[in-house]
Amino acid sequence: MSDIATYNFAYLDEQTKRMIRRAILKGIAIPGYQVPFASREMPMPYGWGTGGVQVTASIIGPDDVLKVIDQGADDTTNAVSIRAFFRKVADVETTTDTTKATIIQTRHRIPEQPLVDGQTLVYQVPIPEPLRFLEPRETETRKMHALEEYGLMHVKLYEDIARNGHIATTYAYPVKVEGRYVMDPSPTPKFDNPKMHMSAALQLFGAGREQRIYAIPPYTKVVSLDFEDHPFEVQTFDRPCALCGAEQVYLDEVILDDRGGRMFVCSDTDFCEKRREAGHVGELGMAMEDVR
Amino acid sequence: MYVAVKGGEAAIDNAHRLLADRRRGDRDVPALGLAQIVEQLALAVDRVMAEGSLYDRELAALAIRQARGDLIEAIFLTRAYRTTLPRFGYSRPVDTAAMQVERRVSATYKDLPGGQLLGPTFDYTHRLLDPELAGDAIVEAPAVRPEAPEPMPRVTEILAQEGLIEPDGAAPTGTEPGDITRQPAEYPMERDVRLQALSRGDEGFLLALAYSTQRGYGRSHPFVGEIRIGEVEIELEVPELPFPVPLGRIRVTECQMVNQFKGSMKAPPQFTRGYGLVMGQSERKAMAMSLCDRALRAGEFGEDLVAPAQDQEFVIAHSDNVQATGFVEHLKLPHYVDFQAELDLVRRMRGEFEERQGATSARKEAAE
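Listed in order, the protein sequences are those of chains R and D. Throughout the first sequence, residue numbering follows the working numbering, covering 1 to 292 in sequence. Throughout the second sequence, residue numbering follows the working numbering, covering 1001 to 1368 in sequence.
In isolation and in its complexed conformation, chain D is listed as follows:
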């Protein structure tokens, strides 16, 4: 006698209850506040905002806490929320030349207008675990620039004055930038749409692809023209008003990669660009993005398409970690109907195989 197991509903409820318990952990340890996450795990918050494509530190912190620190899960939570928000309009393009810069480095010039500014970087820290940080030692206030900063033109603009780098490339008049959250992906994909996808693509995936270009899979001879991190103003054009309305400031990381030159019979040799722009502070992601952007422009420059990083469909279709994690992890859902179909076929084919074997050995015996 057999009675099929039921109770999916109760099992799910109990699993959620256990999850809530594990999330909270030992009740004797104080619960994490969102402000603590925002202030002390700021780069995790930034990654969730960037890949979740929603600039809201508090919501990102909530997502991180709800996801038990699993950042891809937190990114997913953020995305599933942002997609339900009404769309009021599109802001004006941000002007990163007018950025309130906290960090700015160039690898192409020793000194330049506005100077190099290290900002809050791990770069020259020695990676020695610091026992002091296990406690809550007093932290000094940071040094502050006394004088107002001089303007910081973008390095690419300095190169452009001499015509040494390709122009930024204006979209043909009348073209509206695409919107990957409102239009289905279509290939071949224009650069505006590719950049959007890269900007919220998975940091690890882009990092690996960018690395692959450095190791010869689609090499582009890159120099960091400039990386800048800081706050930019977001402005919205409102038809009733004669001036753009400032909505607030967001922190972004921009990377301009200067790559090996290209020329033709008609055009003199010029450096080419790879561009990265990411919400929040994430230099690794912005740099990886700019290498991927340049690799994906291979077709534009008539370069041979030989490497994964140069292949639009390969890069863009697999860069979204919410999609990737969903589809990889869905394999744990029940597939027994399909598996049954395969079992049936394999058993049938094995049966036929054994029959054939039997027939052959019978023939052999007869021959002997």
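The shape of chain R in the complex, shown without the other chains:
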């Protein structure tokens, strides 16, 4: 039974890759539109990034350099596991350095370091349909997209303001792409939404379980939905990163003890490390030389 399991380069067979590439091309041609594709079972569970993994597997070549992040960090267990998967099935070079990567697969964050021409950001998407929690039926939501009927979404955002004084959506905050399709940016915090706008990188979104792929080509307008009197705002933190002192970055709260002690550190581990390499030290950090 030793010969029962052999796999193609990057796991997927070439026919499947071709099918997925077609879906990607269609997605690029119609920015923000959800293209159905015949998603395959992957060797990791649905919900672990099977859509992103299929997109990455279909576009990756032997010369690519892959970075995988989860929650902004390269060392979270699932990021480690997906990186190891591609090292195993595609034998590609992997990196944690955002600037060195040609493909970055991500769950829940966009790197702080602005991306450049030629880079591709692959998002793992759980529920691709931004209207899903307003209307559970696929037959209905597809119609709403086709007719550009997005009033319901604005009503939802309005009701948030009426009820809470705020738009109570803090992540997976809906955007409008190139003035046409309302799109779910995947559950990234809304802090990252502005990074999608006019990005130099190609942004691809894969939802495996829901069988959808969508895309934002480079230099595409991506606007977060809002109201004139309640303009879109990103989260701000009232203190810098405790390790590297960075401001205007997204921070994770780390609980230090059971007496309310906590610190805030960069969620983007590569960004934080590079700053510390460059000599920046935060309130609770130490210089990189001392860490070694």
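Simulated from the structure, these hints should not be mistaken for lab results. Keep in mind the model is a prediction, meaning the values are calculated, not measured. Beta carbons are placed, not taken as given, at the ideal position from N, Cα and C, and that holds for glycine. Take these hints with a grain of salt, some might be off.
[Claimed, not checked] Covered by chain D, according to a simulated footprint, are these stretches of chain R (three or more residues, beta-carbon under 8 Å):
#1 39-51
#2 72-78
#3 187-194
#4 249-255
[As the list claims (entries may be wrong)] Residues from chain D that face chain R, not an exhaustive set, calculated with beta carbons under 10 Å:
#5 I1012
#6 R1079
#7 T1084
#8 P1086
#9 P1184
#10 A1185
#11 Y1187
#12 F1314
#13 A1324
#14 F1327
#15 L1345
#16 E1352
Given the coordinates of chain R, assemble chain D onto it according to the supplied hints.
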């Protein structure tokens, strides 16, 4: 001073090592062989083959062993393997009328051509734990029919001779059956595709839905026209050859549910059908499937859509246990970035709330 915890890679390796240890368990107990699983846990193997949609007993047994007996995990392992296999073609439709039947029961006729055949069923066993089975007592060889069995036409065909049941419904010529493993799900979904999804849907989910139709959530007044279990021939058309090539035999369970009649001004009253076909031996699943199939045809018969079991998107989109378990269990993956965003908002809103409270009590004091 704070240093962030690293070492995801080492942690994963160690977790896998511990998993391998737990899977093997006490080394003094002999390891399970795949043949033992195939022979003695045959119905678990059948379920993994059916819901994993890969007919290979040895691989299913391997998956069960690898999954430590967690059948949904085993189904997942099987699926993730089958999806990488090249597709050579599609077999001809199996002819269940020509099945080599091991079990066949009908609840609608006392006797019928081919007879009732109980086969290896739990139905009339008394569910008393049998201490003998704790050991390895000698088991008698089964009784074997001496004479060649007479043909066993399907009950639905007998009903159809009188026109009492709706025809099987041929697909319009030129339509190719869909393939849920090669095309994305699209709603509304035709019956061919729905049946495929049901056939590999989660047994527990379909069972509960089928049960709900019996308790009034989309009732269809069902009778088991027939259940048959046995082996059918799989044949493939090869363009170079003038005859279909037999590929082998597989065991399947088929259930034809006969449901309350339907007629209209133009058509006389007729019984309607619900159909179930499952790889391997699984009567519970085939019966549940046929009840769900009939419930999902409500629209076809102009019945009111009032129950979950009649709702295509509800049933089909949630019937796959590999998808369901993945998405439910993914909640244990880190979500701290999103949680941080929510924390921030809740803290802000609480701050505003307290400010408002403060302002109100200050006003009250001033008024007093």
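Cross-check of the supplied hints:
A stretch counts as covered by a chain when three or more of its residues have a beta carbon under 8 Å from one of that chain; for the segment 39-51 of chain R and chain D the count is 10, and the coverage holds. Counting residues of the segment 72-78 of chain R whose CB lies closer than 8 Å to any CB of chain D gives 5, so the stated coverage by that chain holds, three being the minimum. With a threshold of 8 Å between beta carbons, the proposed coverage of the segment 187-194 of chain R by chain D holds, since 5 of its residues qualify and at least three are required. Judged by the Cβ-Cβ criterion of 8 Å, the segment 249-255 of chain R is covered by chain D as claimed, because 5 of its residues qualify and three suffice.
Given the 10 Å rule on beta carbons, the hint for I1012 of chain D holds: about 6 Å separates it from the nearest Cβ of chain R. With a cut of 10 Å, the hint placing R1079 of chain D at the interface with chain R holds, because the nearest CB-to-CB distance is about 4 Å. Below 10 Å, beta-carbon pairs count as interface contacts, and T1084 of chain D has one with chain R at about 6 Å; its hint therefore holds. The restraint placing P1086 of chain D at the interface with chain R holds, with a minimum CB-CB distance near 7 Å, inside the 10 Å limit.
Contact between P1184 of chain D and chain R, as hinted, is supported at the beta carbon level, the nearest pair being about 4 Å apart and thus within 10 Å. Among the interface hints, the one on A1185 of chain D holds; its C-beta lies about 6 Å from the nearest C-beta in chain R, closer than the 10 Å criterion. Of the supplied interface hints, the one on Y1187 of chain D holds, with its beta-carbon coming within about 5 Å of a beta-carbon of chain R, less than 10 Å. Contact between F1314 of chain D and chain R, as hinted, is supported at the beta carbon level, the nearest pair being about 8 Å apart and thus within 10 Å.
Of the supplied interface hints, the one on A1324 of chain D holds, with its beta-carbon coming within about 8 Å of a beta-carbon of chain R, less than 10 Å. Satisfaction of the interface hint for F1327 of chain D is found here, the shortest Cβ-Cβ separation to chain R being roughly 5 Å, below the 10 Å cut-off. A distance limit of 10 Å between C-beta atoms decides the matter here; for L1345 of chain D the minimum to chain R is near 5 Å, and the interface restraint holds. Hint on E1352 of chain D holds. Least Cβ distance to chain R is approximately 6 Å, under the 10 Å limit.
The structure shown violates none of the earlier numbered hints.
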